[in-house]
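Each chain, written out:
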Amino acid sequence: MTSLETPPAATATDLQDERLAAPQGFRDHLRGTVRRARDGDLGMLPVIAGVVVIWTIFQSLNATFLSSTNLVNLAFDMVSLGVIALGIVCVLLVGQIDLSVGSVSGVAAATTGVVMVRHEQPLVLAVLVAIGAGALIGWLYGQVLNRFGVPSFVATLGGLLAFLGTQLWLLRGQNAINLPYDSTLVRFAQVWFVPEALAYLFAVTAAGGFLAAGLLRARKRRRAGLSSVSTRWLAAQALALGAALVFAVYYLNRTRGVPWMFMLFVVLVLALQYVLTRTGFGRSLYAVGGNAEAARRAGINVRGVYTAAFVMCSTLAATGGVLAAARLAAANQSTGTADVNLNAIAAAVIGGTSLFGGRGSAFAALLGVLVIQSISSGLTLLNLDSSYRFIITGAVLLVAVALDSAARRSRQAHGRG
Amino acid sequence: MTTPAAPAAPGEATTGVLSLRGVSKQFGAVAALTGIDLDVAAGEVVAVVGDNGAGKSTLVKILSGVYTPDAGTILFHGEQVTLQSPAAAHQLGIATVYQDLALCENLDVKANLFLGQEIRPWMLDDIAMEKRSWELLRELSARIPTLGIPVAALSGGQRQTVAITRALLGRPEIILLDEPTAALGVAQTAEVLNLIERLRGNGLGVVMISHNMDDVRAVADRVAVLRLGRNNGVFDARQVSSEDVVAAITGAADNAVSQRAARRAATPREGQENP
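First to last, the protein sequences are chains A and B.
FYI, in full-length UniProt numbering the residues of the first sequence are 1 to 417.
FYI, in full-length UniProt numbering the residues of the second sequence are 1 to 275.
Calculated from the structure, these hints are not laboratory results.
Beta carbons are placed, not taken as given, at the ideal position from N, Cα and C, and that holds for glycine.
Warning: the hint list may mix true and false statements.
Label-pair restraints from in silico Cβ distances [as the list claims (entries may be wrong)]:
| no. | chain 1 | residue 1 | chain 2 | residue 2 | range |
| --- | --- | --- | --- | --- | --- |
| 1 | A | 293 | B | 26 | 24 to 30 Å |
| 2 | B | 52 | A | 412 | 32 to 38 Å |
| 3 | A | 412 | B | 87 | 33 to 39 Å |
Which chain A residues face chain B? A few, computed with CB under 8 Å, are given here [what the hints assert, rightly or not]:
| no. | residue |
| --- | --- |
| 4 | 11 |
| 5 | 13 |
| 6 | 28 |
| 7 | 220 |
| 8 | 283 |
| 9 | 300 |
If we strip away everything but chain A, and leave its shape as in the complex, we get (with noise of 0.2 Å):
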């Protein structure tokens, strides 16, 4: 308190401040964490948590759950509605919402199958033109929203009928419309599985990239004269990952392996984390649903945010009904109707993404879904019907936005926002 000079140049720019705890080592950063999570600081972690209870429970009711068999299976299950609930992270992340997502992806599940299968064209145009509509209906949401101040609940809530109608308007009385079995994209959604030794090497690949790029950026940081965190606790990190990985595949590999459509849904995901964490555009859809004036005032066009939120929510949307007909060898009247909205809403909520801007991110998605999924596979494998599985999942979501308010209060008490 006494001493004013500068301190020594062997403290990190970052770390000057006396008041400042400055983690040193490998124990530091463990207890700095713990520290983080009692004050409320979650992170993944309550959802993480979730997960572990619910297949606890299930495991103990059904001793398949936890099977090789299973596990692939809701690998490949979750894979449409995780994607949905991707498209509705960046809309619900710049503070709107998108109740529509259900029917869009019921209309871009229609579209493939009527262009691939009554008008006989090739699949890679059927899923474009499905995709595409998508985005076409995510621009008209924002110009709804930009122009005419249409609050995008309601907006949306009139294209969930819409497009409702216009699937059914698609299906024109056929029940469904059945993909061919030998077609590529039902394969995808079915039959096709990494290779063992890839599968491996994207274990290892994924945990030495993570390692490297901590390394490269901790190496950056000091010759910036910032703080950095320290090489043991990286590879602490790294190996962890690595380890959770390369179990993960082995054990999936005990039957058919980890499904190529899951690895879509992974590459979905990491790019969108890295568009939402690394680039400016990402940090400007924080900034729209923190703030929209304040956004407005440091120069971000708000209205073009706003429009490419949705087209990113709708054309996701739309992907994920492809890959739900693609699941089903079907595009028929339900698909992406029932609860396919109100699930992919909660699974981004129950991964931490708030309902009311500003807060979430890719891996919300994921978590959130797995929670879903797991609950839906697990009551499926039960034998109980779905009102069992509404009542859970509702349960669940409860819960989770519970623990997220109360976590919430904690981090404002300990001044962590």
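With chain A's structure known, arrange chain B on it following the hints.
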């Protein structure tokens, strides 16, 4: 210091970086500003005071490029300029810190500082941004312990610091502060006043809009009074008394403030003396 303008030598403070001559603005039938003259030099704090409706906000908006004046000229380094948009004003070297600060509370300090002007937007250079943030904060001797926390976790004074620091990113020559101490406590106000003195020390011209006579007298070099959209005198802040400024603001030596003071002087309470 990194600011381009050198601190003004004593005695030359009258040749301004920014000068307004006869600036007027009309809203329908209402003349919000009529023939306003104002000079701001490098290394000088000019306080603009006035009652509600005196035209302070309109003046800020003209200087920050939100409104264009109907008449009059704006001179920047002696050359006539037009401020078409906030971006144009910023480009020229006039930065504005609005009263509501316009920060995103969910983003951390460095994200807020570089919002809308990120370094390498397709692969954010966090390290360069953090380094530059610390440089700026050190220049201002600002006391923000860490840049990694969301702005929501900062105090009012710290938020004001962040907002002012952000304004400095574009290396402006003139900085406009709209009611910088309005919502702050005693200690935080002092913190912000220190910050304003450091801005002056770094050679910036500061225009400070304020209601608070104590703050004005504490940091300003000159006080420009607006009344009903017109200039009503420019005072040397070190010489003028609060009564004179209040008289200029209200337009009469016999005003509500002086009447109140006289009343309280006539009936002094126990243990309390009035000047």
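Quick rundown of the hints versus the structure:
1. Remark: the range hint 24 to 30 Å for residue 293(A) to residue 26(B) is upheld by a beta-carbon distance near 26 Å.
2. Between residue 52(B) and residue 412(A) the beta carbons are some 34 Å apart, a value that agrees with the proposed interval 32 to 38 Å.
3. For residue 412(A) paired with residue 87(B), a C-beta distance near 35 Å keeps the hint of 33 to 39 Å intact.
4. A hinted interface residue such as residue 11(A) counts as satisfied when its beta carbon comes closer than 8 Å to some beta carbon of chain B; here the least separation is about 12 Å, so the hint is violated.
5. The beta carbon of residue 13(A) is positioned within 8 Å of a beta carbon in chain B (closest approach about 5 Å), and the interface hint is therefore held.
6. Annotation: residue 28(A) was flagged as interfacial toward chain B, and the flag is violated, the nearest CB pair being 15 Å apart, outside 8 Å.
7. A cut of 8 Å between beta carbons decides the hint on residue 220(A): the least distance to chain B is about 5 Å, and the hint holds.
8. With 8 Å as the threshold, the beta carbon of residue 283(A) comes within range of chain B, its nearest partner Cβ sitting at about 6 Å, so the hint holds.
9. The criterion of a C-beta within 8 Å of any C-beta in chain B is met by residue 300(A), whose closest approach is roughly 5 Å, and the hint holds.
Of the numbered hints given earlier, the model fails hints 4, 6; all others are met.
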